[in-house]
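Participant: Residue-level listing of the chains:
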Amino acid sequence: MGESPGQSLMPATDNYSWNQKTLNIVFAVSSVVLLFAVIVMMRQDQADEWKGYQRTNFELDATVREADLRDLKSDSFLAQQEELIGKVNESQVALDAKKAEQAALFSEQDTLQRSVEALEIELKFKNSDRDEARANYDLGVRDALPEDQALVRFEEFKKRQADCDETKTRVDEAKDLLAAKTAEVKTITADHDALVAQLEKLNFEAERIQASIEKIKPTSLVSSWKRAMMELPIIDGFNSHLRIVQDWMPRLSQTLGMAEIARFDRCRSCHLNIDKTLADGSAAFPEGHPSATDVKTWVKEKQFPQPFSTHPNTALFCTASSPHPVAKFGCTICHDGQGSGTSFGNAEHTPDNPILSHEWAGEYGYHPNHFWEYPMQPSRFAESTCIKCHHSVTELGVNPKFGASAPKVHKGYTLIQKYGCFGCHEIQGYDGGVAIGPDMRLEPQTPEEVARIEADPTQIAGKMRKVGPSLRHIAVKTTGSWIQHWTEVPTRFRPTTKMPQFFALNDHLGAEDAAHTKQLEGVELAGISAVLLGTSEPIDLLKPAADYVASAERGKQLFSERGCLACHQHAAVPGNAADFGPNISDIHLKTKRNAENPGFSDWLYTWIREPSRYHKRTKMPNLYLDVYTDVDGVTTIDPAADMTAFLLSQGDPGQYEDVVVTDEELNSLVSLYLTKSRFSKAAAESIIESGAFPQKSADVVGDEKSLASEDGQAILDPATWKAKKLEYVGRKTIARYGCYACHDMPGYELARPIGVALHDWGRKDTSKLGFEHIEEFLHHHGEAPGSEFKSTMERVAVANEKMKAGGAEKGQFTEAEEVSEMSASFFLDSIQHHGRPGFAWQKLRAPRSYDYEKTETKGYDERLRMPKFPLKEEEIEAIATFVLGLVADPPADEYVYNPGEADKTRIEGEMLLAKYNCTACHMVDLPEVTFAANLSDITATEMGAADHEKGLEMLLKFRPPRQALTGDFHKLIIEEEKMSLPVATVKGLVASRPDMEEDPEFREYGFDLWETVDFGAGEEAKRLLPGSRLIVPDAQMLNYKAGRGGGFAEWLVESLMESKTGGNRSLAWQASPPPLIQEGAKVQTPWLYQFLLEPTKIRYTTVLRMPRFNMSEAEAKTLANYFAAADGEKFPYQENLPADADYLANTQMAMQEAGLLAADQSYLHESWKTLNGPLCAKCHSLGGKKFKVSDPAKDIQGPNLNVVQNRLRADWVKLWLYKPTWITPYTSMPVNYPKNNTTQFPDLFHGDPESHVNATRDALLNYTRLMEDIGQTSYAPPAADAPKADAAGGED
Amino acid sequence: MKRFCNLTLLLMSVGAAGCSQSGGAHVVPTVTFVAADAGETAEVESSTDSVVMGEPGSFNGKVVFVGTQAALPPLIAMEADVKDKEVCAAVDVPDERLVLGESNGVANVFIYLAKAPKGGKELVAPEEPYMFDQKNCRFLPHCVVLPIGQTVKVLSDDTVAHNTHTYPNKNQSVNSGVAPGDREGKLEFVYRKAEAQPLSVKCDYHTWMTAYHLPLDHPYGAVTDANGGFTIPDLPPGKHTFVVWHEAADGNFVERKLAVEIASGVATTMEIGFPAEKLKLK
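Those sequence lines, one after another, are chains Z and D.
The first sequence begins at 1 in this note's numbering and counts up by one.
The second sequence begins at 1 in this note's numbering and counts up by one.
These aren't lab readings, by the way, just hints derived from the structure by calculation.
Just so we're clear, the structure is a prediction, and the values are computed from it rather than from any experiment.
A hint or two may mislead.
Said to hold, decoys possible - Taking lysine-lysine pairs in the DSS-like style, the calculated list, with each CA pair at most 27 Å apart, reads:
| id | chain 1 | residue 1 | chain 2 | residue 2 |
| --- | --- | --- | --- | --- |
| 1 | Z | 1194 | D | 85 |
| 2 | Z | 790 | Z | 724 |
| 3 | Z | 950 | D | 153 |
Unchecked claim - Cβ-to-Cβ under 7 Å is the rule here; a few derived chain Z residues that face chain D:
| id | residue |
| --- | --- |
| 4 | 239 |
| 5 | 242 |
| 6 | 1006 |
| 7 | 1057 |
| 8 | 1060 |
| 9 | 1062 |
| 10 | 1175 |
| 11 | 1188 |
| 12 | 1193 |
| 13 | 1232 |
| 14 | 1234 |
| 15 | 1236 |
| 16 | 1239 |
Idealized CB from N, CA, C, for every residue including glycine.
From just these sequences and the hints, can you work out the full model?
Facilitator: In structure tokens:
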């Protein structure tokens, strides 16, 4: 259109270069089109999904409130209302009748009021006159007037003051009169006023609800119209009731693309009720699947569909009182997804399985969006994001307040701990000292490494131990052929082992390749055993006394009693289910036995007796299996030797063949590794051929050292050369598979982990995952031999069909099947979409399957190395949940879970309880019994004449009462009578079990309570104190929830009842590891610290001792603090009040004032006598006197009392002395100072048992001092009166 | 099997070794039994299966040890070196696990109905407390049946302190000290519920001290006397099932379910055998 610059310019003419008419048409049409477009936009905007949800929600809200109103306006309410209105009317009438009287009173009141006011004015004037006189006098003083003049002024002041006083008296009198009159006036209207107030109060709630309904569902036309107007386009921008609900979290940023931006969550625009709770904290709109789509049905059925439902866990999430209020945390920090999205699709919801995905596509137009970096977590991985902030993980699995809030991710964490994945795959919890996630690094392996980390303040040492046994001295433990047999397929020897399988995983290979692989693996296995035996370091093994004859029979008893079964199972002693340590039923097969005595093994003896001698970092504790003399006083018993004899007596040693190593395969592997190292093919061949490595061994760095000779000469002896080659291949194999990740091996202390680091695997770029031919593999294979399906794809196709046909709900699956099959379906779908979850799933199911059809193009040494762990699919899912949560992307500091000192200690303590398996022996929370309580059969605990009220006060502080009734009712039929009984829960230990030979109505459980419980409230309540026996008929038992921990103790109790205590359960408990209930309130923390490091013998009644764990000082400190923290007690230090000088002086004085102590007596000295009297010494060694043994087998000897002052807390000791069964129901310790027994020590504190309790406690806690000051004391009370009569009882 | 045992027991009056009930009851080889109508006893299953009208009868007899057993040596011989020996070993303290009287009668055997019979007498707990005593570190008596609701007072005739520790199944356990020479019985307690079997009472200071209490909610229980004799009066006529319990019987039951038919107005007499092979001295 433009003219070229060369042409001459023409003047403008009227001829435009466009046609005005056409332009008008274009404008006209485009304005119409634009208008239309605006209308369409507005229309679409009006039709946003969220607006629809909000409208429905208003309807829902109104319906709920209407229902509330209906509930409120019950018949009784209406009757009450009517009655009140009637009464108000009546009283109004009565009031009207008294009008004249009232008017007279009002007038009198008015007159009095006026007179008060007049008098008050008069008083004011008089006060000012008086003030003037005072000022005049003060001026006189200032001006030093002569005395007489001053006196005049002073007299004037006094006169005025008297006048004031007189007026004040009159004012007061008049006020009294007025007050009396006012009261009189009020009495006339009082009844009426009270009734009106009552009516207003009754109506208040109803009116409030009515008003709130009116707001959202107006009845008046004007309001309705106004409300409708507010929804119109444009106007709705001005504070409409339909609006986006937005949570803005500027500090909880997210990284999108490369930019870090604040987080906006608009999820609550649709999920409007997510944080709504009722007054009791429960969900206001519990999630469910109502039978119809109308809100009335939802309200009626109390089930609400998404997005109208409340969060399923309001105690933990969303509500303002929860730890994660929605206003602070938003939604997407936990759920992921696109927070700014306001439609179903834009929010990036993620279905939990492909079938759901299909349904969503139909219902919401759902399709996966690959471009959003953080799609919402499907519900199966909902917990994985918890570990973004909860780096210790433990609190998600064990939590006194919230229970197991994220059990799946916690399970994944514990599985990784158990199987030691972190040995190969580093899980770094820190980035330059900044916490980025769970830290699961191996502990430093050498003293130099420890020193280096300690010297660097920015470094934090790893804490995990290698999970496998040490192989440092393996030659003394077992044989090479067993090592080969074991390593090839560990589960072949021990089906329950956690050792993964590295070899014989060749299902993905063709037959020929598999056969060849097997041969090569044979060489590798022989190589591994050659290296292990060749490098094994010698140790001094312990031996029993030369003349000791071990008894396998006694060994079996000791094995079951001394604690082995807390961690291990053994087929010869069935009945317990411990799996912390391996099942050792097979240990006789593999253990190397003494050459001169095949019935014994010095290695096993040493291992049992002193585990850390063989394995420095073992978790196996030292059980103090010292040699002792039997109760007969003659027989010497070496328990470790007896146990060794027992374990080996289970059978002959196993016979295992060495694998066959052919020269061809051996040479091929040597050649392969040499060429990978630095040699040409020809050079490698030449070395193999000649036996001559071109360097001296001292000059070689790397595994090739194995091939070189010291002097650099060729090795001509074929056997030696073969051994050298085997060692070389063995070393290469160990390095390739990373055996040292789990095992301590000489020479591999500093070797690096061989796997991919996992600390940010949850964000790993999926293009870097090697899916290879996995789909093809799963198309043809993928299921275990014996499966009904030929391939995983077939399995999933069948599952998907069943799910489409209705799933478990329609009987296509069992519930459990639906879970497992839909899980497989999800993961396969994930693999097909190249997702991380699917990759991880198959990697753990069949790690080598990713080599399918890949081995042809790979060297043997390039093949995948990941071993197969004996994991179930649900365990794999738990591990995936954990690993997908490892994102190394912690939010701002204030969001990362940062527990206070006590909680931190509790969490770290929990980790240690798990690490050392403390809960195998010790119960740390009691069993909980749920039953239908027939309240008339429940007897409240009686306080007898012997019980101390002061003790009860202490007890109620120590174990405050808890309501046993849950509020639920249970219907049942008892003796043909239908009953509805309240449901109750109590915590306690089983005292007796139903005798199944009895008639059903006599079958009952007995429980000994360990807590104070109230059945019911108010005057009707029945209180049961700890130590009470509660009988629950078998028919009324609803649930028994085992305690936390103590499995071995419970097993041992049953076993000892059989073998030792003649069915007496209390005595059996006294012989077993004690439950640690309120241990933190019982023991002094510094003592516990010492005890954990070096457990001393405390109890004489037990058949076993607290073992010594391979625990660091820091761990002992944490664990000691843990118990105090868990009980909310002070730690690490406690004051010992009874040793306090002021306390002792005050007590002395108080005792003397009360006449319980003579002026010349010392409180502490008298206390020492109390302790040393013939009571405590009946069962305890104390004060330099040894416990008197009568029958070593049956005597009940209590703990030595010299340890009390350092071991126990003062309050606990006192409560214990008041009534021991309040604390430990099964104890043999009696009430020694019953309140009504004043003749025990009549001359001490005037025989006052209360003082005896206090004095005994104080003597115990001043023990050393009294031993020093007074020393050994024998106190005997004055002889009781000679027996007056013959013994009663009427015996022969 | 159970029925067969009962039949054997009641009709044939001969031994049936090996025919034992679960719970360890052993059939008695020497039963002399006078029954009104033994033919129907096969139906006897519980203690109150059938009650006929008529005058109450009584059940008496004797528990006899079948076999030989040397007398047990004293539990604590005089002057033995035990705790508090000046009191506890002042005399020979007998071993009461098995006490045989004249013609091998077994003392201290409990014979009782497992549950109150229909038509039986109401249990009336005596107002006055039961005095349970101890002397020379020995409980007196060794075995006793106690009605529920009766207060038990624990006395001591010793100059050393004792501790009374009960091990009930259904009742509240007691574990409290008793002052030396307490003739008043400051320690008192009450059994509120009937127990299915006798419970042991021990002293934790002197662990050899043992007694047995059997709280019952009906009056039909007895302990055999020094010569093994017992009498249970006022039984409603009809079929009853008795428990025969002894501390040293294997599994504690001499007879777990002893079926007896009580005739109206007369005494039903039975000799109950305690076979030597059933003895288990723990």
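Participant: None of the hints should be skipped; say for each whether it holds.
Facilitator: These are the hints, each one checked on the structure:
A distance of roughly 17 Å separates the Cα atoms of residue 1194 of chain Z and residue 85 of chain D; the hinted pair therefore holds under the 27 Å criterion. With a C-alpha separation of about 45 Å, the suggested pair residue 790 of chain Z and residue 724 of chain Z falls outside the 27 Å cut-off, and the hint is violated. At roughly 24 Å between alpha-carbon atoms, residue 950 of chain Z and residue 153 of chain D fall within 27 Å of each other, so this suggested pair holds. For residue 239 of chain Z, the suggested interface contact is broken, since its CB lies about 68 Å from the closest CB of chain D, more than 7 Å.
Nearest Cβ of chain D to the Cβ of residue 242 of chain Z: about 66 Å, over the 7 Å cut. The hint is violated. This hint holds: residue 1006 of chain Z has a C-beta 6 Å from the nearest C-beta of chain D, less than the 7 Å allowed. The closest approach between the C-beta of residue 1057 of chain Z and any C-beta of chain D is roughly 12 Å, which is over the 7 Å cut-off, so the hint fails. Given the 7 Å rule on beta carbons, the hint for residue 1060 of chain Z is violated: about 10 Å separates it from the nearest Cβ of chain D.
Below 7 Å, beta-carbon pairs count as interface contacts, and residue 1062 of chain Z has one with chain D at about 5 Å; its hint therefore holds. With a cut of 7 Å, the hint placing residue 1175 of chain Z at the interface with chain D holds, because the nearest CB-to-CB distance is about 6 Å. The restraint placing residue 1188 of chain Z at the interface with chain D holds, with a minimum CB-CB distance near 4 Å, inside the 7 Å limit. A least Cβ separation of about 9 Å between residue 1193 of chain Z and chain D goes past the 7 Å threshold, and the interface hint is therefore violated.
Because the beta carbon of residue 1232 of chain Z sits about 5 Å from the nearest beta carbon in chain D, less than 7 Å, this interface hint is met. Interface restraint check for residue 1234 of chain Z: the shortest CB-CB distance to chain D comes to about 6 Å, inside 7 Å, so the restraint holds. This hint holds: residue 1236 of chain Z has a C-beta 5 Å from the nearest C-beta of chain D, less than the 7 Å allowed. A least Cβ separation of about 5 Å between residue 1239 of chain Z and chain D falls short of the 7 Å threshold, and the interface hint therefore holds.
Hint violations for this structure: numbers 2, 4, 5, 7, 8 and 12, all remaining hints satisfied.
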